[in-house]
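Engineer: The residues making up each chain are set out below.
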Amino acid sequence: MKLNIINDFDLRKQAEELGVSIWQTPSFLFIVLGAIVICIMTAVFFITRYYNSPEILVISESMIVGFIFTIGNLIIRDIENMARTNKMKSEFVSIASHELKNPLSEISWEIDLLFSKYAETLNKKQSEIVRNIEKSNDKMIRLVNDFLEVARIDQNRMILNRKNINILKIIKEEISGNKILAKLNQVKIELIKETDNCNVIADERKIKLVIDNLLNNAVKYNLSKEGKVEISLKRKNDYLVVSVKDNGIGIPINQQKCIFEKFFRSNNATRYQTQGTGLGLYIAKNIIEQSGGKLWFESKENEGSTFCFSLPFN
Amino acid sequence: MDKKILIIEDDVILRETLSDYLVKEEFTVVTASNGEEGINLAKKERPNLILLDIILPKKDGFEVIKDLKRDEKTEKISIVLLTNLESLNDIEKALNLGATTYLIKSDYSLEEVVKKIKDILNQ
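Chains A and B are the protein sequences, given in the same order.
Under the working numbering, the residue at position 261 of the first sequence is numbered 261, and the numbers go up by one with no gaps.
Under the working numbering, the residue at position 117 of the second sequence is numbered 117, and the numbers go up by one with no gaps.
One chain only, chain A, in its complex shape (with noise of 0.2 Å):
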């Protein structure tokens, strides 16, 4: 019987979910109260039945009122707590992040530098050696910002720089930085155009982000020596339709739902690619949805994929 409360109120999930004992669930302190309630009102109608006087049932009442103030007291003291701790580990990983930056500029501005100024110092194995170190650290500095992102999308803190922006410009421009990934992996990129009208109010920086994410992950996650990569742009409405379609390793369909989760990465993709941290599409979709549009996807596991995303035109 315990175990079916238990299911039907989510209590295992919930506490997994806060970080808490089943026992410490706001769920379950309402269990509590309800139970607790029900028994005084039933202590209370016997009693009454027994004693027949106005004053014991006015004493019960009161005793009940106690209880529920009390109780629920400590429900929300329980709720505040866990926010409180949830919002210091948000902001424990934007200051961290921030920390981070200062170091990190100074790698990629030194190595600019030695690059620019100082490149004939150095020979060809040396050289080779300094842009294994730049790329760690640009990969580093993705991380990083994609730490920050996510911080601010818990603390609902989201910056977006709205202005007037061409998407068409910011794919081609996407698909050219993509150019030599594409190429390492044998996969062909497509553009389509169905729409002459591809201006939007958004924020460039972040969608750039967003359709980065999903044309790396159309170019990595794919096998075969075939590989393609359909890029394509409609009007529906007064949205502008973006969708990137690839024949990659597709989505197990047991995967699809957790794939906007954070840090989820799906067993096919791990299996393939051991790089990536698991927040691209939890950016991604966040990004978009405070854009004022949708993200979502179609999925065969081997087949492909087609993610696709909606913004509203001005």
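Read the hints as simulated data drawn from the structure, not as lab findings.
Given the structure is predicted, the values throughout are model-derived calculations rather than measurements.
Heads up, a few of these hints could be off.
What the hints assert, rightly or not - Calculated pairs, EDC-like style, for lysine to aspartate or glutamate (alpha carbon to alpha carbon, straight line, at most 20 Å): (1) A:Lys117 with B:Glu16; (2) B:Lys24 with A:Asp112; (3) B:Lys24 with A:Glu120; (4) A:Lys208 with B:Asp107; (5) A:Lys117 with B:Glu111; (6) A:Lys163 with B:Glu92.
Unchecked claim - A few chain B positions that, by computed beta-carbon distances, are all more than 12 Å from chain A: (7) Lys116; (8) Asp119; (9) Ile120.
Think of the CB as a built atom: it goes at the ideal place given N, C-alpha and C, for glycine as much as any other residue.
Chain B: place on chain A using the hints.
Structural biologist: Chain B alone, transformed into the frame defined by chain A:
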């Protein structure tokens, strides 16, 4: 290009790397490691452009902007904020106080920083 740039940045590596690069790009460079020193140098050296960090010891970036905009000798100098996007509010505040523009340190290569400087100085 023979223009004078003042760098006000407390991080020694960022300050010196930026300075080194700008000198190789044929700019004249003066540097300060805190807000107070920055204000004094700006008034003494009269640079064409100032690269200014927001978080500084002695006087922070906002106070530097306020001070320089109050003085007719320095009010016309272009000010470019160097930030790691600590907060959008800070950037807005600085722009409202009179900063010309901002750039995010971890997103810009030195080459891109110089391009931005040249764009502003050519306007």
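Engineer: Which numbered conditions among the earlier hints are violated in the structure presented, ordered from lowest to highest?
Structural biologist: No hint contradicted; all consistent.
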